[in-house]
Amino acid sequence: MKSLFSISTEKVVTEYHPIDFCSLPRQVRRNLNFQSFKRYFGQFPAIPDDCFIFRKKDSSINVDKTFAKAKNVMDPMVMFSYYLASGDLKAMETMWNEFDELQRMAIRACDEQLIKFLLDLFEKRPPNPTWQMRELYVDARRRGYFSLSHMFFRKCPVNQRAVILLSELKYLVAAKLTREHWVICCRHLSRILKSKNFTMDFALLKNNGKDVLKNLIRANFSKYRRLPKECRIPEVEALIKSENLGSIKFLRCQHNPVSLTI
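Be aware that the sequence shown starts at 1, since it is given in UniProt numbering, and climbs by one per residue.
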């Protein structure tokens with residue numbers, strides 16, 4: 001049975017509450033981080049509570065040390081999945097090299113492109129020319145494997161990276177998200193946006209992509225202006241100004257951009 005403290009913590013995490021996280025008591029912050037971790041890795045067997053190690057400074061979970069401690073008591077195959085979800089390729093490769101042949105055969109039997117790609121990487125095989133980086137990005141992103149999806153994003157051709165960035169932006173603007181999910185998606189977009197080293201050309205978008213983007217932003221302009229500055233794509237900002245998609249001055253007064261340090 002869950003304690004009242006745990007139930008209250010989950011409510012704060014899953015619903016929108018404009019509370020400064022840093023102002024909460026340390027134990028509450030720990031519990032919030034703990035519940036977020038449990039949800040993120042909820043598809044795997046749970047790591048024992050006494051394996052969790054928290055940082056004193058901000059009450060966040062030290063994932064590296066927590067996983068290192070959990071390796072002593074958890075099934076190695078389960079820990080391999082945890083490292084996959086967290087995107088720690090170095091730890092995955094180390095475990096792969098430590099596995100016996102039966103364990104390796106069990107993983108090789110997995111018919112998932114994401115796993116096959118990583119095994120090629122660990123075994124130093126030449127890249128398979130049939131690998132589609134955008135498909136691997138979408139697969140990793142769908143699973144919530146954000147670190148891996150970032151890696152695949154960087155490997156995509158420029159035109160595909162542009163489509164991915166706009167897709168992530170449109171999802172944030174149009175979808176109805178919980179506060180926690182919104183923050184997670186903002187952080188992901190801001191991270192892949194830092195890897196943008198090209199100029200986006202809307203003329204290259206297919207299926208009237210530019211018009212679809214304009215209509216979406218126009219219909220959700222106040223939500224767009226709430227996005228953190230780290231999520232703003234320069235070419236989209238320029239498009240908004242050139243097309244006069246909204247009263248930017250007024251909406252800036254009404255909706256200040258949200259900080260990602262939540």
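Treat the hints as calculated values from the structure; they're not laboratory data. No residue lacks a Cβ here, since even glycine has one placed at the ideal position from N, Cα and C. The reader is advised that the hints may include incorrect statements.
[Claimed, not checked] Calculated cross-link-like contacts (lysine-lysine; reagent style PhoX-like; alpha-carbon spacing at most 20 angstroms):
#1 Lys241 x Lys223
#2 Lys155 x Lys90
#3 Lys229 x Lys206
#4 Lys196 x Lys229
#5 Lys229 x Lys170
#6 Lys124 x Lys71
#7 Lys241 x Lys229
#8 Lys170 x Lys124
#9 Lys210 x Lys155
#10 Lys210 x Lys223
[Unchecked claim] Simulated DEER-style distance windows between Cβ atoms:
#11 Lys90 x Gln43: 44 to 54 angstroms
#12 Asp100 x Arg39: 30 to 40 angstroms
#13 Glu98 x Val63: 33 to 43 angstroms
#14 Arg191 x Lys57: 17 to 27 angstroms
#15 Thr199 x Phe99: 19 to 29 angstroms
#16 Asn244 x Phe122: 46 to 56 angstroms
We went through each hint and held it up to the structure:
{"no.": "1", "hint": "Lys241 x Lys223", "verdict": "holds (16 angstroms)"}
{"no.": "2", "hint": "Lys155 x Lys90", "verdict": "holds (18 angstroms)"}
{"no.": "3", "hint": "Lys229 x Lys206", "verdict": "violated (27 angstroms)"}
{"no.": "4", "hint": "Lys196 x Lys229", "verdict": "holds (15 angstroms)"}
{"no.": "5", "hint": "Lys229 x Lys170", "verdict": "holds (15 angstroms)"}
{"no.": "6", "hint": "Lys124 x Lys71", "verdict": "violated (25 angstroms)"}
{"no.": "7", "hint": "Lys241 x Lys229", "verdict": "holds (16 angstroms)"}
{"no.": "8", "hint": "Lys170 x Lys124", "verdict": "violated (37 angstroms)"}
{"no.": "9", "hint": "Lys210 x Lys155", "verdict": "violated (24 angstroms)"}
{"no.": "10", "hint": "Lys210 x Lys223", "verdict": "holds (19 angstroms)"}
{"no.": "11", "hint": "Lys90 x Gln43: 44 to 54 angstroms", "verdict": "violated (23 angstroms)"}
{"no.": "12", "hint": "Asp100 x Arg39: 30 to 40 angstroms", "verdict": "holds (33 angstroms)"}
{"no.": "13", "hint": "Glu98 x Val63: 33 to 43 angstroms", "verdict": "violated (20 angstroms)"}
{"no.": "14", "hint": "Arg191 x Lys57: 17 to 27 angstroms", "verdict": "holds (22 angstroms)"}
{"no.": "15", "hint": "Thr199 x Phe99: 19 to 29 angstroms", "verdict": "violated (45 angstroms)"}
{"no.": "16", "hint": "Asn244 x Phe122: 46 to 56 angstroms", "verdict": "holds (52 angstroms)"}
This entry does not satisfy hints 3, 6, 8, 9, 11, 13 and 15, going by the numbered hints stated previously.
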